[in-house]
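Chemist: Protein sequences, first through last, are from chains A and B.
The first sequence begins at 1 in my numbering and counts up by one.
The second sequence begins at 1 in my numbering and counts up by one.
In case anyone wonders, no lab produced these hints; they're calculated from the structure.
Glycine included, every Cβ here is placed at the ideal spot set by N, Cα and C.
Hints are supplied without guarantee of correctness; some may be wrong.
Derived BS3-like pairs: lysine-lysine, alpha-carbon spacing no greater than 25 Å straight-line [to be verified]: (1) 243/B / 7/A; (2) 113/B / 17/B; (3) 84/A / 244/B; (4) 218/B / 242/B; (5) 84/A / 230/B; (6) 218/B / 244/B; (7) 230/B / 268/B; (8) 243/B / 42/B; (9) 111/B / 80/A; (10) 245/B / 116/B; (11) 116/B / 17/B; (12) 241/B / 116/B; (13) 15/B / 152/B; (14) 18/B / 7/A; (15) 7/A / 111/B; (16) 111/B / 230/B; (17) 218/B / 111/B; (18) 152/B / 243/B; (19) 17/B / 7/A; (20) 152/B / 7/A; (21) 116/B / 42/B; (22) 230/B / 245/B; (23) 152/B / 111/B; (24) 230/B / 241/B.
Some chain B residues close to chain A (C-beta under 8 Å, calculated; not the full set) [as the list claims (entries may be wrong)]: (25) 233; (26) 236; (27) 237.
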Amino acid sequence: MRETRLKILQYITGIGLFFLVGTHLIVSLLSSGEPTSWESVSGRAASAGWLALFIFLLIFGLYHGIHGLRTIIMELSIPKLPAKVLDWTLLVIGLAIFGYAVYIPINAFL
Amino acid sequence: MQELTFKVQRYLPGKDKKAYIQQFTVPLRQGMTVLDGLIYIKENVDNTLSFRSSCRMGICGSCGMFINNFPMLACHTPVEELGTDRIEVRSLPNFPVIRDLVADLDLLFEKHKSIKPYIISPDTEEAEEPTAEFLQSGEELEGYVQFAYCVKCGLCMAACPTVATDALFPGPQSLGQAYRYCTDRRDAGVEERFHQADSRHGVWLCHLAGACSEACPKGVDPALAIQLLKRAMVFDSLRLKKKKKPASIAQPLAESKPKIDVPEFTVKQP
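Chain A on its own, in the form it takes in the complex (with noise of 0.2 Å):
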């Protein structure tokens, strides 16, 4: 059931992604002040709960984009394009992006 099961996370990241992108651009937009001011986004950096929720978005964000990306590409039939080699492939593409996307907010929080 490998390929339910990666649809029932493509699902509980999209619920997920609801309510974290919602948080994230309600409480932007909702803060006194300018969201992309200097003292807006280094104390944001310095909040653990901020890092925490872009960690999140970061994560339901990529699963949640790269799984779709796949879908549309397995739809395509490529009949060169082997399966294992795509699944690697954007897993490797998704890993490279979380591991430096996830370095910024760390390196500003610590």
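Once you've looked at the hints, dock chain B against the given chain A.
Modeler: Then chain B, alone, in the frame of chain A:
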């Protein structure tokens, strides 16, 4: 007399490089169906026109065609319902053409066979040498009977946008039938069918366009069956699925009591 214009797809393998449209004029009769029009052409205008048909009453599913850009049974489509006097008839999309309007449905039957469309009995001994019938309640029957009305006409497969783009997708017909058997309490082949439907090109590629259900002439609603199959697979994957009790076997006749007493003879026996 009012006349209809039939634009019919023609294709003779070996002679024609690709299919083309030939135009015919057919006199309109009251209650005429598209199939009646094609039969008129074959009997009176061009006897080389090839198409499949059998029962003429929407039961056998032989005369599936692409009528005015929609997959329909020709025998089940009165020309008056089309609301036009120009009728274009092509062979079913998503299937190769054998000749004229005859689509090669091998793909449909292969995919149908792949999901094991039969009761896989948990008791092989009972399946080989049945002693009595399996008991089934009306409620259990209602759970799948709608999906058992499938006549394998291929209209749902012709309408499906995913079948059009992915040749390996099993399609609404076979997935609908997979659900039909999985929900049957007499069956023990759920795991095998779930495994089949869980492939990369399996049930999860369905976008729920609903075109299959719209095209189905028997009201089977394959899109609903696919959604129910997805739900069953999610529940099974999360181990939330209720285990279905295997159907019990009816008491052998010799041990059962007659329901109604045999009335006594009212005429004197000689």
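Chemist: Each hint: holds or not?
Modeler: Evaluation of the provided hints:
For a cut-off of 25 Å, the pair hint linking residue 243/B to residue 7/A stands: about 23 Å separates their Cα positions. About 32 Å separates the Cα atoms of residue 113/B and residue 17/B, which puts this hinted pair outside 25 Å; it is violated. Between residue 84/A and residue 244/B the CA atoms are separated by roughly 35 Å; this puts the pair beyond 25 Å, and the hint is violated. For the hint linking residue 218/B to residue 242/B, the alpha-carbon distance of about 30 Å lies beyond 25 Å, and the restraint is violated.
Restraint check for residue 84/A and residue 230/B: the C-alpha separation of about 24 Å stays at or below 25 Å, so the hint holds. Between residue 218/B and residue 244/B, the direct Cα distance comes to roughly 28 Å. Violation of the 25 Å bound is thereby established for this hinted pair. Annotation: proposed proximity of residue 230/B to residue 268/B is violated, straight-line Cα distance about 66 Å (limit 25 Å). As the CA atoms of residue 243/B and residue 42/B are separated by approximately 55 Å, the hinted pair breaks the 25 Å bound.
Only pairs whose Cα atoms come within 25 Å are accepted, and residue 111/B paired with residue 80/A is accepted, the gap being roughly 23 Å. Note on residue 245/B and residue 116/B: the hinted pairing holds, with a Cα-Cα distance of about 21 Å set against a maximum of 25 Å. Pair hint residue 116/B plus residue 17/B does not hold up; C-alpha atoms about 37 Å apart against a cutoff of 25 Å. Our distance criterion of 25 Å between C-alpha atoms is met by residue 241/B and residue 116/B, whose separation comes to about 21 Å.
Distance restraint check for residue 15/B and residue 152/B: the Cα-Cα separation of roughly 30 Å exceeds the 25 Å cut-off, and the hinted pair is therefore not satisfied. Taken as a hint, the residue 18/B and residue 7/A pair is broken in the structure, with Cα atoms around 41 Å apart against an allowance of 25 Å. Using a Cα cut-off of 25 Å, the hinted pair residue 7/A and residue 111/B holds, with the two alpha carbons roughly 23 Å apart. Restraint check for residue 111/B and residue 230/B: satisfied, since their Cα atoms lie roughly 18 Å apart, inside the 25 Å limit.
Under the criterion of a C-alpha separation no larger than 25 Å, the hint pairing residue 218/B with residue 111/B is consistent with the structure, at around 20 Å. Annotation: proposed proximity of residue 152/B to residue 243/B is violated, straight-line Cα distance about 30 Å (limit 25 Å). Only pairs whose Cα atoms come within 25 Å are accepted, and residue 17/B paired with residue 7/A is rejected, the gap being roughly 43 Å. Our distance criterion of 25 Å between C-alpha atoms is broken by residue 152/B and residue 7/A, whose separation comes to about 29 Å.
Between residue 116/B and residue 42/B the alpha-carbon distance is near 38 Å, which puts this suggested pair outside the 25 Å criterion. At roughly 21 Å between alpha-carbon atoms, residue 230/B and residue 245/B fall within 25 Å of each other, so this suggested pair holds. For a cut-off of 25 Å, the pair hint linking residue 152/B to residue 111/B stands: about 11 Å separates their Cα positions. A C-alpha spacing of about 12 Å is found between residue 230/B and residue 241/B, which places the hinted pair at or below 25 Å, so the restraint holds.
Restraint check, residue 233/B versus chain A: the minimum CB separation of about 5 Å is within 8 Å; hint holds. With a cut of 8 Å, the hint placing residue 236/B at the interface with chain A holds, because the nearest CB-to-CB distance is about 7 Å. With a least beta-carbon distance of about 4 Å to chain A, the hint placing residue 237/B at the interface is held under the 8 Å criterion.
The structure fails to meet hints 2, 3, 4, 6, 7, 8, 11, 13, 14, 18, 19, 20, 21 from the earlier list, while all remaining hints are met.
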